[in-house]
Amino acid sequence: MSKRGRLDDVVVIGVGCSKFGERYDKSYEDLAVEAFEECLKDAGISREDIEAAWLGTFFPGFGGGMAGSSLADAIKIYGKPITRVENYCATGMEAFRNAVFAVAAGVYDIALALGVEKLKDRQSRGLPRIDWHPLLIKGNTAPGVFALPAVRYMHKYGIDRKPLARVAVKNHRNGAKNPKAHFQKTITEEDALSAPMVAYPFGLFDCCPVTDGAACALIARKEVARELKKDYIKILGIGLAVTSARPQFKPDFEYIGFPATHLAAEQAYSMAGIKPDDVDFAEVHDCFTWTEISNYEDLGFAEKGQGWKLIMEGETEIGGRIPVNPSGGLKSFGHPIGASGLRMIYEVVNQLRGRVEKERQVKIRNGIGLAHNLGGPGSVACVTILGTE
Amino acid sequence: MDIREIISRASKEGIKYYGDSATLKFYDFLKERKFMTTKCKDCSNIDFPPRNFCTNCFSENIEWIEIPKRGKVYAFTNQKRALRFVYPDIIGFVEIEGVGRILTKLEGEDIKIGDEVECDFQEVDGITLHIFRKMKS
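Protein sequence lines correspond, in order, to chains A and B. Just so you know, we're using the working numbering here: the first sequence kicks off at 1 and counts up by one. Just so you know, we're using the working numbering here: the second sequence kicks off at 1001 and counts up by one.
Don't take each hint at face value.
[Stated by the list, open to error] In the DSSO-like style, the derived pairs of lysine-lysine whose C-alpha atoms are separated by at most 30 Å in a straight line are:
(1) 1105/B <-> 1080/B
(2) 1034/B <-> 250/A
(3) 250/A <-> 1031/B
(4) 1072/B <-> 222/A
(5) 1105/B <-> 156/A
(6) 156/A <-> 1072/B
(7) 1105/B <-> 250/A
(8) 1031/B <-> 120/A
[What the hints assert, rightly or not] Taking CB as the label site, the calculated pair distances span:
(9) 69/A <-> 1080/B: 29 to 35 Å
(10) 156/A <-> 1055/B: 26 to 32 Å
(11) 1043/B <-> 305/A: 32 to 38 Å
(12) 48/A <-> 1043/B: 57 to 63 Å
(13) 1059/B <-> 309/A: 46 to 52 Å
(14) 1128/B <-> 5/A: 50 to 56 Å
(15) 22/A <-> 1025/B: 43 to 49 Å
(16) 1056/B <-> 109/A: 46 to 52 Å
(17) 156/A <-> 1057/B: 29 to 35 Å
(18) 186/A <-> 1107/B: 35 to 41 Å
(19) 1122/B <-> 79/A: 56 to 62 Å
(20) 227/A <-> 1055/B: 49 to 55 Å
Worth flagging that the hints you see were computed from the coordinates, not collected in a lab. Every residue, glycine too, gets a C-beta built ideally from N, C-alpha and C.
Assemble the whole structure, with the sequences as input and the hints as a guide.
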């Protein structure tokens, strides 16, 4: 087992999540407040009890997000340390990770991690073009970035678009039962396969939407949680791994998955002292349908090249061996970048506490759930493992 | 102004102002229709994109080499809804023997992994860019 610091003393005492979707009626601050109110009520504390906060926002602008002030003004907490973090699409879980380690350091008794993103008001396609070095622009678009390894994977393992479509069908089915999800409609395999193409092999239903939303978690010392008589959730392990954002030039990089996920998962499993088989269910970063298949493998739920079989055999359905994305995932619940990682924590915490809609509740065997946030061209991954007492 | 125009202008400025002299030199070579990158004289590491020093051993003892024009498609995608390009917008990695995999725009009918492609040059808004075209079999 790797170093844990004082992680054994740290727990989640409350979670909150706004309705995800096209929230033109709400500002950046409004969304933060919506998630925060639920979280505060859940934890049973008052806002004055919060000693420090971490804010996760990927794209500042349109009402906030640049610095700690955006959160201070939204939830009216002043004179406290508030830090804005950003780490590609893993921004939300990065905020959580920082808050957890601050409490584990023994500096604070109660800390907040809140992620919020307002994307729908942005012009053109909602997300700015990905434009770094002119020779390294990858695909210019997020679908293009992930399509390249998807094509390579499909070629190497001889699969067609069907397993990808099955991921979309599953996640839409789960999201349809989730009142906070962006999309609450089921789709058929035929719908997914015949939808307009975005970037081959990704059609419309292979891509997660552009979404507004916020989510948060309150982290506290276990002693505080006991005093509050909370049904707290333990933090068993957290891993973060950053790899090259331009790995294609390395001859040994196969481009069929994301080593960052594998490495972050190894850290988290080692810290938690568990194996992938011990995990009851997972919320993973399904920005595109194929990404979810790759995640199965990179997180150790299947061997490399075998992940597509999990979805074809129904093993990742809510009633399956290892349910994945019972919330509906990024695909159906939506992906407001800075909020997504915390939205996953929200789902895992509530699944472990048995507090989700009955038809979405997964079977809890070992009391262990995993959340996985992936960022950039697969170069930043954060894995959090949570557990019941 | 049309959104496409704004994006095209930003893209040109991106190339102009990226700020590293090796990149600017790369584009100057493209104007002469030469597809070049840098190689370390100490450890033989080839960098792409070109750099002023070796990213493997940090030596500044580098030389410019011409990249072989022919390669094979390693991965590709066809972005049908990329705002800044006109369809078809095919991009991919081309594997060039002895050099590595290079991300590039591709052109050709029914591109598949393993297809042989050849480097060509394209004038776009006063800049010369490289493109790999599928070779006739």
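Against the structure, the hints come out as follows:
Of the supplied pair hints, the one linking residue 1105/B and residue 1080/B holds, its CA atoms being roughly 14 Å apart against a limit of 30 Å. At most 30 Å may separate the alpha-carbon atoms for a hinted pair to count; residue 1034/B and residue 250/A meet this at roughly 23 Å. Only pairs whose Cα atoms come within 30 Å are accepted, and residue 250/A paired with residue 1031/B is accepted, the gap being roughly 28 Å. A distance of roughly 57 Å separates the Cα atoms of residue 1072/B and residue 222/A; the hinted pair therefore is violated under the 30 Å criterion.
Proximity of residue 1105/B to residue 156/A is assessed by CA-CA distance (about 22 Å); at most 30 Å being required, the pair is judged to hold. For the hint pairing residue 156/A with residue 1072/B, the CA-to-CA distance comes to about 16 Å; that is within 30 Å, so the pair holds. This hinted pair checks out: residue 1105/B and residue 250/A have alpha carbons roughly 19 Å apart, not beyond 30 Å. Annotation: proposed proximity of residue 1031/B to residue 120/A is violated, straight-line Cα distance about 40 Å (limit 30 Å).
Evaluation of the 29 to 35 Å hint for residue 69/A and residue 1080/B yields a failure: the beta carbon distance comes to about 41 Å. About 28 Å separates the C-beta atoms of residue 156/A and residue 1055/B, a value consistent with the hinted range of 26 to 32 Å. Under the hint 32 to 38 Å, the C-beta atoms of residue 1043/B and residue 305/A, about 34 Å apart, fit the expected range. About 59 Å separates the C-beta atoms of residue 48/A and residue 1043/B, a value consistent with the hinted range of 57 to 63 Å.
The beta-carbon spacing between residue 1059/B and residue 309/A, approximately 47 Å, falls within the hinted interval of 46 to 52 Å. The hinted range of 50 to 56 Å is satisfied by residue 1128/B and residue 5/A, whose Cβ atoms lie roughly 54 Å apart. Between residue 22/A and residue 1025/B the C-beta distance comes to about 46 Å, which sits within the given range of 43 to 49 Å. Between residue 1056/B and residue 109/A the beta carbon distance is about 48 Å. The supplied range of 46 to 52 Å therefore holds.
A hinted range of 29 to 35 Å holds for the C-beta pair residue 156/A and residue 1057/B, which are about 32 Å apart. At about 40 Å, the beta-carbon gap between residue 186/A and residue 1107/B stays in the expected band of 35 to 41 Å. Judged by the Cβ atoms, the range 56 to 62 Å given for residue 1122/B and residue 79/A holds: they are separated by roughly 57 Å. As the Cβ distance of residue 227/A to residue 1055/B is approximately 53 Å, the hint placing it in 49 to 55 Å holds.
Going down the numbered hints, you'll see the structure goes against 4, 8, 9, while the others check out.
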